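First to last, the protein sequences are chains A and B. Each residue of the first sequence is one higher than the last, beginning at 1 in this note's numbering. Each residue of the second sequence is one higher than the last, beginning at 1 in this note's numbering.
In short, the hints are calculated from the structure, not lab data. Given the structure is predicted, the values throughout are model-derived calculations rather than measurements. The beta carbon of each residue, even a glycine, is placed where N, CA and C say it ideally should be. Be aware that a few hints might be false.
[What the hints assert, rightly or not] To give an idea of the chain A side of the interface with chain B (calculated C-beta under 7 Å), a few residues: (1) D36; (2) K178; (3) Q183; (4) I189; (5) I233; (6) S234; (7) A235; (8) G257; (9) L281; (10) Y283; (11) Q286.
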Amino acid sequence: MLTECKLRYISVVFLYLLIYLAPYAHATILPEDRADLMYHSFNGGGVTISGPSLLVRKKATKNLSVAAKYYVDKVSSASVDVIARASKYTEERKEKMLGIDYLNEKSILSMSYTQSDENDFHAKTVNVGITQDFFGDMTTLSMSYAYGWDDFGMLDSEEKFDAKRQHYRLGVSQILSKNLLAQANIEIITDEGDLNNPYRKVRYIDPFADCECGYSYEDEIYPRTRTSRAYAISAKYFLPYNASISEYYRYFNDTWGIESHTLDISYAHAFKENWIFDIRLRYYTQNKADFYRDIFNHAGEFDIRARDKELSTFQDKTIGIGVNYTIPVSKVSWLDKGGINLYLDHIKFEYDDFRNVNTINSVAGAEPLYSFSANVIRFFVTIWY
Amino acid sequence: MKAKQTKHLIFIGLIGYCFILAGCGIKPWVRPYDRLNLAEPVMLVDRHPVSTSYEHHVYQAREGSRGAEGGSGGGCGCN
C-alpha cells in the first residue's frame with residue numbers, strides 16, 4: 001500500500017515537473033469541436049447492457065473548450081451469479097459529465113465532474129489535469145489527478161456503504177520518427193472504504209445445507225484498502241499505403257495480489273477518401289486475488305474472502321472489427337463534415353478457478369469451470385463543426 | 001524488494017527522460033513539415049473518444065485490472 005508520505009512525494013514530483021518543463025513548452029491546440037451520438041450494447045454471460053451515449057464538445061472562446069456527456073446503461077442481468085441465488089433483474093444507470101479545457105499559451109488545463117446514478121449506487125468524480133507539448137512539439141506530457149467517492153446500499157436494506165478513490169496518472173507521448181509515435185503511461189489508484197459489492201456472497205462446504213448442493217453462502221468481506229499500479233507502453237507506426245499498426249502492452253499489480261498482462265494489437269487501413277477499416281486483437285490474463293476462493297472449506301474460514309469472478313484467475317481474448325465512413329458536408333455552412341462508425345467486438349472469457357454452480361448433479365467444488373462469450377456493439381454518428 | 005526497485009526505476013526513468021529532452025540541448029529531430037503522416041486520421045491516438053471511453057468501461061467492469069489505458073495527447077501538435 002502507498003503510504004501518505006509516498007503519495008505526497010508523487011504530488012510534489014508532479015508539481016516540480018510542471019514548473020521545470022513550462023519554459024520549454026510550445027503552443028498546443030484545444031480538442032476539435034464535435035458531437036458523437038452512440039448506441040452501445042454488451043451481450044454475453046446472461047447479461048445485456050445497452051443504451052445511448054451523447055458527447056458534445058464546443059469551443060466557448062478561443063481558449064476555452066467545453067464538453068458534456070450523457071450516458072445510459074440499461075441492464076438486464078441473469079448472470080451466473082444472479083441465477084445461482086436470485087432471479088433476473090433490470091436496472092438503469094445514468095452518467096453525466098461536464099468538463100472544460102483551458103488553453104493557456106503553453107499548456108491545456110482540464111477539469112471535469114462526473115456523476116453516475118443508479119437506484120442503489122451513486123458515484124461522483126472530480127478530475128484535474130494538465131497536458132503540455134514541448135521539445136518542438138515532439139513530446140507531450142500529461143498528468144492528472146482524480147478524486148472519486150461512492151455512496152451505495154442495498155435495495156432491501158437500510159444499511160449504507162461508502163468508498164473513496166484517488167487516481168494519479170502520468171503519461172508521455174513521443175514522436176520517434178516521421179512514421180512512429182510511442183507512449184508510456186503510469187497510473188496509481190488508491191481505494192478506501194467498503195470495496196465489495198454488498199449483494200455478492202461466497203460459498204462454503206456445508207453438509208447441512210438447505211439444498212442438496214452441499215454448500216451454503218455467507219457474506220463477502222474485502223480488505224478496506226487497495227492500491228494498484230498499472231504501467232503501459234504503446235506504439236503506433238504509419239505504413240506507406242495510408243495505414244497504421246499499433247501495439248499496446250500493460251503490466252498491472254495491486255495490494256490484493258492480482259497481477260495481469262494486457263496485449264493489444266490493431267491495424268487501421270484508410271481506403272479511398274472517406275473510409276477507414278479497423279481490425280484488432282486483444283489478449284488479457286490475470287491471476288487471482290490472495291483472498292479469492294471458488295469454495296471455502298467451512299463458514300468463516302477466513303476474515304477476508306471473495307468469490308467474484310473478476311478476482312479469479314482467468315484469460316479473455318477479443319477480436320474486433322470497425323468501419324468508419326466520413327461524409328463531406330458542403331451545403332451546411334456551420335458543419336465541416338459528418339461520420340458514421342460501427343465497431344463490433346467478440347470477447348471470450350475463460351476462468352481457471354471459477355466454477356459454474358448452475359450445473360445439475362455436480363459435487364460441490366467439482367462443477368465444470370465457467371466460460372462465456374460476449375458481443376459488443378458501438379454504432380455512432382459524428383459531426384464536426 | 002527487487003520489484004519495488006524496478007518500479008522506482010521506471011518512474012524515475014520516465015521523468016528523467018523528459019528532463020534530458022528538455023534540458024540537455026537535444027534538438028527535435030522530426031521537423032513540423034515531416035509530420036504529415038503522423039497527422040493522418042489512422043495515426044490519431046484516440047480517434048473516437050466516446051467509443052474509447054465505452055471500451056475501457058467494458059473491460060474495467062469485468063477484469064481485475066484498471067488504469068493506464070492511455071489515449072490522451074497526440075505528440076504531433078495535432079491532438
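Taking the hints in turn, this is what the structure says about them:
The interface hint given for D36(A) is met, as the beta carbon of that residue sits about 4 Å from the closest beta carbon of chain B, less than 7 Å. With a cut of 7 Å, the hint placing K178(A) at the interface with chain B holds, because the nearest CB-to-CB distance is about 4 Å. Interface hint at Q183(A): satisfied, since its Cβ lies 6 Å from the closest Cβ of chain B, which is below the 7 Å cut-off. Hint on I189(A) holds. Least Cβ distance to chain B is approximately 5 Å, under the 7 Å limit.
With a cut of 7 Å, the hint placing I233(A) at the interface with chain B is violated, because the nearest CB-to-CB distance is about 9 Å. Given hint, S234(A) at the interface with chain B, holds; its Cβ is 6 Å from that chain's nearest Cβ, closer than 7 Å. At a threshold of 7 Å, the smallest CB-CB gap from A235(A) to chain B is about 11 Å, leaving the interface hint violated. For G257(A), the suggested interface contact is broken, since its CB lies about 10 Å from the closest CB of chain B, more than 7 Å.
Proximity of L281(A) to chain B is violated relative to the hint, the smallest CB-CB distance being about 14 Å (cut-off 7 Å). Against a cut-off of 7 Å between C-beta atoms, the interface hint on Y283(A) is violated, since the closest Cβ of chain B lies about 12 Å away. Evaluation of the Q286(A) hint against chain B yields a held restraint, the C-beta minimum of about 5 Å falling below 7 Å.
Checked against the numbered hints above, the structure violates hints 5, 7, 8, 9, 10; every other hint is satisfied.
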